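Novice: The lines below spell out each chain.
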Amino acid sequence: MKKVFSRPKSLKPTPFHYCPGCGHSILHRILGEVIDEMDLREKIIGVPPAGCAVLAYNYFDIDMGEAAHGRAVALATGLKRALPDRIIFTYQGDGDIAAIGTAETIHAAARGENVTTLFVNNAVYGMTGGQMAPTTILGQHTTTSPGGRREDRDGYPINLSEMLAIARGSAYIERTAINSPSNILKTKKAIAKAFGVQLEGKGFSLVEVLSPCPTNWKKSPAESWKWIQDVMMLHFPLGVLKDVGDKPR
Amino acid sequence: MAKVLMRGNHIVAEAAVRAGCRYYFGYPITPQNETPEYMAERLSKIEGGVFIQAESELAAINMVTGASMAGGRAMTSSSSPGISLMQEGISFLSALELPAVIVNMTRGGPGLGNIAPAQSDYFQATRGGGHGDYRNIVLGPASGQELANLTFEAFDLADKYRTPVIILGDGMLGQMMEALEFPPEVSLKKLPPKDWVLTGAKGRPSRILRSLLLDPVEEEELNWKLMRKYGKILREETRWETYACDDAKMILVAFGIGARIAKGAVKRAREQGLRVGLIRPITLWPFPSKVIKDFSKKVKQFFVFEMNMGQMVEDVRLALEGAGEVHFYGRPGGVILTPLELVRVISSHYFQKKLG
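Respectively, the protein sequence lines represent chains Z and D.
Count the first sequence with this note's numbering and you get residues 242 to 490, in order.
Count the second sequence with this note's numbering and you get residues 711 to 1066, in order.
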């Protein structure tokens, strides 16, 4: 019998701890597939965030170095400058990258730091129990935006990827989603594209992934996928926000 | 090598490069700006040299962390408010057991303070400074020559013990020009290999560098491991200088540039017939408690001078465990006093204790 499906070599045989329906499990899986398919396992170094995905190093069979909350791209900068021929990526949540780590991220993009960031946007602080995130959309209920996020009280959500696309040093910015098989495949392609951009030394690349958090959204996995489609995407439209292509910066 | 005349902030930079530092990350702050300026120029002329002016001290210390994870000799420099911002990163470096060299050309504080020389960051440096149970090796140079030597050695100490090393200078040490001789440049190829660095899992199992240890037993084990390491540092790396202590009836304890002033005061006091000596801790952590305690067998009067309101004086009291009387004189806020002023205070205590 022919084997048609197996664990990517870049993933350890460790069961994920993520909640049922969580986007991290799917993203880990496709990231592992990309690392295998691009034959990067022996030259890639990952920087996990503080947040639900902090334990990513338990699942990836690659070198990983943990950063303080929000500082992943600064740490990745040090790694990449010391090891310019390796592939360096950070894996960060919305709170990590778009609140506490905004400065580090914007300046890495402005410098054109040749690293790749996977930005998992689930519009909520997951690991700490569902507080309001910088990407929590207006009206969304969280434990720290009772009655729903209100612009007069809580301010507006931040569209970080659009901001990063303006930065002259960014080379590739795409927003995708984990809410359907086709969008999952597009996400996988986007990650491969971003690593390709880094391999070619073009500058900062980032893939923002709208990702379900059924536990904190208090929705079923199926409802969560639908909520991404019907609500989240209105605020965070999918697509390639920047691609310098072959143009010199 | 012939002697050269250089400013302290340049000395630090040149000594670091000679020690094999190829990765410098920093953010401008007075009175240490000459260090990043020198590094920007110097490292741009070395193959593999990296200089980044970061967007903040927070970013700078995390870039240091990244370069250190990759196995490089990495450093940053700053002054008091900037060092406060780096405390998060220093705590992480300690937990991750990563070597790094951090220079603090201390200025008057708290808050924004001023840009004048001070020693008010002694607690912050020697107690860890950030969250959690850890210590840094803290070196307190008192001259341009010592600044060169200790910066050079700091990289070896950091690598040997896999721990951050802080060079605790001050605005005066950073700005003052002195003649000195540099140690010869090390060959990077001859440095001991590191078997823990992140380079990509090629031909070996993958590696993790992390400080999150959710299991309390595991976290406790890390703390025990760190304490064993600190014990070894305490036993093997404690350094100090004694001056005119043999027949002393009163012993001064001072560090860094304060000790330079104190030495001048001891010389003047000796000219006036006062039998005073000086102990100068060179490692501020580990603190030379034993040598101070040993002197208490024949000397009962100790006099601590610092350019702060009394920080190291607590370590002197702890060292003595009640075996001697401790007097203190401090000038905080960036004020620099003269040996003449200090000798007046010393002699007042000296005669009140009827030592004359």
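Any given hint could turn out to be false.
Claimed, not checked - For lysine-lysine, the following DSS-like pairs were computed, each having C-alpha atoms within a straight-line distance of at most 25 Å:
| hint | chain 1 | residue 1 | chain 2 | residue 2 |
| --- | --- | --- | --- | --- |
| 1 | Z | Lys284 | D | Lys904 |
| 2 | D | Lys713 | Z | Lys284 |
| 3 | D | Lys870 | Z | Lys253 |
| 4 | Z | Lys244 | Z | Lys430 |
| 5 | Z | Lys284 | D | Lys935 |
| 6 | Z | Lys434 | D | Lys912 |
| 7 | Z | Lys250 | D | Lys899 |
Hints are computed from structural coordinates only; laboratory data are not their basis.
The structure displayed is predicted, hence computed values, not measured ones.
Novice: For every hint, state whether the structure bears it out.
Specialist: Status of the hints after comparison with the structure:
1. Of the supplied pair hints, the one linking lysine 284(Z) and lysine 904(D) holds, its CA atoms being roughly 18 Å apart against a limit of 25 Å.
2. For a cut-off of 25 Å, the pair hint linking lysine 713(D) to lysine 284(Z) is broken: about 45 Å separates their Cα positions.
3. Our distance criterion of 25 Å between C-alpha atoms is broken by lysine 870(D) and lysine 253(Z), whose separation comes to about 32 Å.
4. Using a Cα cut-off of 25 Å, the hinted pair lysine 244(Z) and lysine 430(Z) holds, with the two alpha carbons roughly 23 Å apart.
5. Note on lysine 284(Z) and lysine 935(D): the hinted pairing is violated, with a Cα-Cα distance of about 31 Å set against a maximum of 25 Å.
6. For the hint pairing lysine 434(Z) with lysine 912(D), the CA-to-CA distance comes to about 23 Å; that is within 25 Å, so the pair holds.
7. Taking the CA atoms of lysine 250(Z) and lysine 899(D), the gap is near 34 Å; set against the 25 Å cutoff, the hint is violated.
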